[in-house]
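Colleague: Sequence:
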Amino acid sequence: MRRRSCERESPPCISARRGAPGAAGIWIPRLAQALLSAIADLRLYSLMKQLENQQVAQWVFFCQLCSWFTWYCCTRTLTNTMETVLTIIALFYYPMKGSKSMNSVKYSSLVALAFIIRPTAVIPWIPLLFRHFWQEQRKLDLILHQFLPVGFVTLSLSLIIDRIFFGQWTLVQYNFLKFNVLQDLGSFYGSHPWHWYFSQGFPAVLGTHLPFFIHGCFLAPKRYRIFLVTVLWTLLVYSMLSHKEFRFIYPVLPFCMVFCGYSLNNLKTWKKPALSFLFLSNMLLALYTGLVHQRGTLDVMTNIQELSYNNTSVSSASVLMMMPCHSTPYYSHVHYPLPMRFLQCPPDLTGKTDYLVEADMFYLNPLKWLYMEFQNDSSLPTHLIIFSVLEEEISPFLISNNYERTAVFFHTHFPESRTGSHIYVYERKLKGKLNQR
Numbered sequence: 001m002r003r004r005s006c007e008r009e010s011p012p013c014i015s016a017r018r019g020a021p022g023a024a025g026i027w028i029p030r031l032a033q034a035l036l037s038a039i040a041d042l043r044l045y046s047l048m049k050q051l052e053n054q055q056v057a058q059w060v061f062f063c064q065l066c067s068w069f070t071w072y073c074c075t076r077t078l079t080n081t082m083e084t085v086l087t088i089i090a091l092f093y094y095p096m097k098g099s100k101s102m103n104s105v106k107y108s109s110l111v112a113l114a115f116i117i118r119p120t121a122v123i124p125w126i127p128l129l130f131r132h133f134w135q136e137q138r139k140l141d142l143i144l145h146q147f148l149p150v151g152f153v154t155l156s157l158s159l160i161i162d163r164i165f166f167g168q169w170t171l172v173q174y175n176f177l178k179f180n181v182l183q184d185l186g187s188f189y190g191s192h193p194w195h196w197y198f199s200q201g202f203p204a205v206l207g208t209h210l211p212f213f214i215h216g217c218f219l220a221p222k223r224y225r226i227f228l229v230t231v232l233w234t235l236l237v238y239s240m241l242s243h244k245e246f247r248f249i250y251p252v253l254p255f256c257m258v259f260c261g262y263s264l265n266n267l268k269t270w271k272k273p274a275l276s277f278l279f280l281s282n283m284l285l286a287l288y289t290g291l292v293h294q295r296g297t298l299d300v301m302t303n304i305q306e307l308s309y310n311n312t313s314v315s316s317a318s319v320l321m322m323m324p325c326h327s328t329p330y331y332s333h334v335h336y337p338l339p340m341r342f343l344q345c346p347p348d349l350t351g352k353t354d355y356l357v358e359a360d361m362f363y364l365n366p367l368k369w370l371y372m373e374f375q376n377d378s379s380l381p382t383h384l385i386i387f388s389v390l391e392e393e394i395s396p397f398l399i400s401n402n403y404e405r406t407a408v409f410f411h412t413h414f415p416e417s418r419t420g421s422h423i424y425v426y427e428r429k430l431k432g433k434l435n436q437r
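Taking this note's numbering as reference, the numbering of the sequence shown is continuous, increasing by one, and the terminal residue is 437.
Quick caveat, the hints were computed from the structure, so don't treat them as lab data. We put the CB at the ideal spot given by N, CA and C, even for glycine. Just so you know, not all the hints are guaranteed correct.
Unchecked claim - Calculated pairs, BS3-like style, for lysine-lysine (alpha carbon to alpha carbon, straight line, at most 30 Å):
#	residue 1	residue 2
1	352	368
2	368	97
3	272	222
As the list claims (entries may be wrong) - Taking CB as the label site, the calculated pair distances span:
#	residue 1	residue 2	range
4	288	193	19 to 29 Å
5	177	223	26 to 36 Å
6	178	207	26 to 36 Å
7	177	350	17 to 27 Å
8	413	279	39 to 49 Å
9	350	159	48 to 58 Å
10	279	178	42 to 52 Å
My request is simple: use the sequences and hints to build the entire structure.
Modeller: The structure is reproduced here in structure tokens:
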């Protein structure tokens with residue numbers, strides 16, 4: 001992650017010490033993303049109101065708003081979230097029969113922008129773009145005067161921006177394709193069977209919307225078949241990649257909500273129980289996953305942030321996170337040049353068969369790794385952050401080096417092999433005082 005430094009004399013840091021340290025730097029991006037997501041949701045409502053009527057639009061809007069996965073993702077500053085936002089807004093301008101807002105330049109520009117942000121954004125749009133091209137009478141004009149100019153401008157801007165930051169001409173879209181598809185290096189971070197999206201991922205993302213989605217697929221007018229094709233196409237393409245995550249298919253969720261809305265609109269009996277079931281089941285899951293599940297890695301960063309601002313010297317404290325790599329948001333939540341380190345896990349770009357990252361070497365024998373890494377007391381960090389499952393195994397090292405547990409944070413009710421139910425913060429003490437480096 002990008003490291004952001006904060007000098008002591010700068011106004012933001014001074015104000016942060018008087019209140020919640022760095023709170024604005026954490027909440028402003030989330031609020032901005034929430035605002036963009038809200039705009040996208042309103043665009044979805046407006047689109048369905050144009051294509052159908054206010055009643056259908058309201059049901060689609062209701063389904064979108066009460067989706068647990070929408071709540072879980074819409075405020076997160078992920079590229080997948082922006083990909084979804086831009087997809088919805090672009091869909092508002094997409095040429096559909098009955099739409100009053102269709103604009104080829106606007107929707108293609110938004111698709112191009114989404115592609116620049118995350119190249120996979122083009123996947124759901126391939127069926128939609130082909131449909132538009134097939135139905136367009138002036139095909140050559142569409143390509144020469146709309147698609148090509150938009151593509152040229154956005155790709156040129158992308159090349160210029162990357163040239164500035166990389167210091168050389170780089171086509172990051174090709175690098176993305178090479179890394180994730182041609183070399184399939186994403187599998188280094190985990191892999192699933194080809195059917196995972198159909199058997200687990202998609203049903204989990206839809207949650208209790210799934211029966212309404214299936215019901216709506218049989219009820220929706222034929223012109224919405226392109227939405228269903230888009231969903232199936234996206235799932236099929238992603239299924240060919242080894243590395244799979246729930247968030248990757250977030251952009252297809254709004255398409256699914258169209259069919260869910262049709263289902264609710266056509267329910268004659270059991271409508272109120274169905275609505276209550278849909279709302280309560282999603283809200284409970286949204287609240288649990290958003291406020292309780294795996295929250296420890298955020299809470300512990302608040303503790304580290306306070307440590308940064310309370311120390312009189314920035315060099316007096318240092319942190320080692322002995323956790324699976326990228327477990328915490330790291331400097332994006334600290335906003336202070338506190339020396340921190342986590343176990344590295346860069347993918348293998350050399351093709352070695354016996355490649356082991358630092359994190360894997362650590363977990364082979366944590367206690368041995370610690371004694372080998374810190375043979376000199378002066379190099380010991382003042383603070384260690386670990387999951388509860390690791391405490392017993394490294395307790396000899398903690399005791400021999402005068403580490404005391406100073407904070408405990410709940411993390412999850414569903415611990416895994418390397419991820420415990422709680423997160424512990426250990427501080428090194430010498431004669432009752434913080435060890436000065």
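Colleague: Does each hint hold? Answer for all of them.
Modeller: Status of the hints after comparison with the structure:
1. 352 - 368: holds, 24 Å
2. 368 - 97: With a Cα-Cα distance of about 67 Å, the restraint between residue 368 and residue 97 is violated, given a limit of 30 Å.
3. 272 - 222: holds, 28 Å
4. 288 - 193: 19 to 29 Å: holds, 27 Å
5. 177 - 223: 26 to 36 Å: Holds, since residue 177 and residue 223 (Cβ atoms, about 32 Å apart) stay within the stated range.
6. 178 - 207: 26 to 36 Å: Distance hint for residue 178, residue 207 holds at roughly 35 Å.
7. 177 - 350: 17 to 27 Å: holds, 20 Å
8. 413 - 279: 39 to 49 Å: With a Cβ separation near 23 Å, residue 413 and residue 279 fall outside 39 to 49 Å, so the hint is violated.
9. 350 - 159: 48 to 58 Å: Violated, at about 28 Å.
10. 279 - 178: 42 to 52 Å: holds, 44 Å
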